[in-house]
Amino acid sequence: MDYILHLILLCGIYMILAMSLNLINGKCGQFSLGHAGFWAVGAYTGASFTVFTGWPLPGFLMLFLSCIVSFLCAALAGVLIGVPCLRLRGDYLAIATLGFGEIIRIIIINMDVVGGPRGFTDIPKLSNLFWTYFWVGITILTFRNLMHGTHGRAIISIREDEIAAESMGIATFKYKTLAFVIGAGFAGIAGTLFAHAQQFISPQNFIFMWSAYILLMIILGGLGSFTGSIIGATLFLLLGEALRFFGETVAEYRMIIYALLLVLLMLLRPQGLFGKGELKFFWKGSKT
Amino acid sequence: MTTLLETRKATMRFGGLVAVSDLGLEIFPSDLVGIIGPNGAGKTTVFNMITGHYRPSGGDILLEGRSIVKYRPAHITQKGIARTFQNIRLFKDLSVLDNIRLGAHHRTGYGLLSNILCNGKYRREEERIRKESLELLKIFGLHKKHDHLSKNLPYGEQRKLEIARALATDPKILLLDEPAAGMNPKETKDLTGLIRWVRDEFKVAVLLIEHDMRLVMEVCERIYVLDYGKMIAHGGPGDIQKDPKVIEAYLGVQDE
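These protein sequence lines are chains V and A, in that order. Residue numbers for the first sequence follow our numbering, so the first one is 1 and each next one is one higher. Residue numbers for the second sequence follow our numbering, so the first one is 289 and each next one is one higher.
Looking at chain V on its own, in the form it has when it is part of the complex:
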């Protein structure tokens, strides 16, 4: 039972990760492959905050504060990486962000304060289902509201046609950075929740493969659909767990199965499950 609850909690974390990457990749159209890096920044800053301050506050408050701290730190990392990288386009941006994601991981490996390659241990278990899904809710609300306003529309317009957006008086670089920074910040929150759920984090948790997994979630659900990201994250987790029933060998080959799944998806439904569409909830209150 505990195991299943833990999975549901993880699922919430994946949802936040997927939605935050979807803001960058799906809504803004900037292909980022460094999301695991921001996740790591969030996890390490959040964990450091609770462990090193050691304030005698109630657990939920501590978690809340460390979520805020990790949001800010990951957003700052987003600014530092976004400002140079977002001048690039397409494949070049993907490679640059991939590089920066790895740089973050390497920096962490070389930081003895947080355990270096041995990992960060003895993080108090503060994440629970309620607070995880509280943050999932905050993420959904923030993104939904954002997308209904002029700032969200500006972000989408960059995906649609960057030159036209610039010609319509939209400062495209500013909005690209904005999407990147907000996405990074929420990945940071997912990191804190993750650290306080696992109680142990190591640089191995945040390898490049995870950026690819998050990408897989949003492509599965549909680039540009937050509903899709939620479903995609859930499916990703369920699929990984379902494969365990077929024994260790099958579970070891899950990469092949993910790849096959992607190929199948591209053949049958290249826009992902939801395409760019959303469920009613996301559209409520918006008159087209």
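Incorrect hints may have been included.
[To be verified] Ranges between beta-carbon positions, derived for each pair:
#  : chain 1 : residue 1 : chain 2 : residue 2 : range
1  : A       : PHE490    : V       : LEU57     : 51 to 61 Å
2  : V       : VAL79     : A       : GLY397    : 23 to 33 Å
3  : A       : ARG354    : V       : LEU57     : 49 to 59 Å
4  : A       : LYS409    : V       : LEU76     : 20 to 30 Å
5  : V       : LEU76     : A       : MET501    : 57 to 67 Å
6  : V       : LEU57     : A       : GLY408    : 27 to 37 Å
7  : A       : ASN327    : V       : GLY137    : 55 to 65 Å
8  : V       : LEU262    : A       : LYS432    : 36 to 46 Å
9  : A       : LYS409    : V       : VAL79     : 17 to 27 Å
10 : A       : GLY470    : V       : PRO270    : 24 to 34 Å
11 : V       : GLY116    : A       : ARG411    : 46 to 56 Å
12 : V       : VAL83     : A       : GLY523    : 47 to 57 Å
13 : A       : GLY524    : V       : GLY277    : 46 to 56 Å
[Unchecked claim] Derived lysine-lysine pairs resembling DSBU-like cross-links, with alpha carbons at most 30 Å apart:
#  : chain 1 : residue 1 : chain 2 : residue 2
14 : A       : LYS380    : V       : LYS276
15 : A       : LYS409    : V       : LYS276
16 : V       : LYS174    : A       : LYS409
17 : A       : LYS367    : V       : LYS276
18 : A       : LYS358    : V       : LYS174
19 : V       : LYS276    : A       : LYS533
20 : V       : LYS174    : A       : LYS439
21 : A       : LYS432    : V       : LYS276
22 : V       : LYS174    : A       : LYS460
23 : A       : LYS367    : V       : LYS174
24 : A       : LYS433    : V       : LYS276
25 : A       : LYS419    : V       : LYS174
Worth flagging that the hints you see were computed from the coordinates, not collected in a lab. Cβ atoms here follow ideal geometry from the backbone N, Cα and C, with glycine treated the same way.
We have chain V already, so just place chain A on it with the hints.
Here is chain A on its own, set in the frame of chain V:
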């Protein structure tokens, strides 16, 4: 009369190629000016220089007496120069209304925080922009289709929508890059009326590039003729049609 937009010896070089050289345009408020010239004469380059997509290699461009060559395109649009594109560049997967609202983006007065919190300021401003945008669409006869995706509109209406979107930025001067491209004669005729009417209704100056001579001669009050990046003639439609240099540029000279 004060000039609205002026280019002073504006020059654009791409490596060894001089696309536009020493161009001097003058646009006055509520002007209706055309730029014509054979293919490759540098007309679109002129537009790209004015709107900031290219930075001129030499010379200066002044909007109401102030140089704008160092600004980014978005900033120039906010200052009051809006444009359309030769090959329509709408936000294809967004609704017609959203296209207009994006044009009004820089006039939407609420910050990011208001947006995320959906507070009163956000609601008031969104309501205002929505109303203004729908009114603008009504003027163009597109309000019934405001929730259609813009890619699903017929070609002529896409052209119209692009002009409407440019007008939503509240420009002082409107740059139209081949507005009649791909239109049939009837649509072109409607467009002629539309351009005149837009100028009168919105009190904007219009600068347009066009290949359709009938449209240019009918609609423009002044015409600049470019050939190989140089201005070869300037004047009213009647003078231009008689100008030997223009005839030479378009038809060539007969060998003696």
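Handout entry: Those earlier numbered hints the structure runs against, lowest number first
Key = 17, 19
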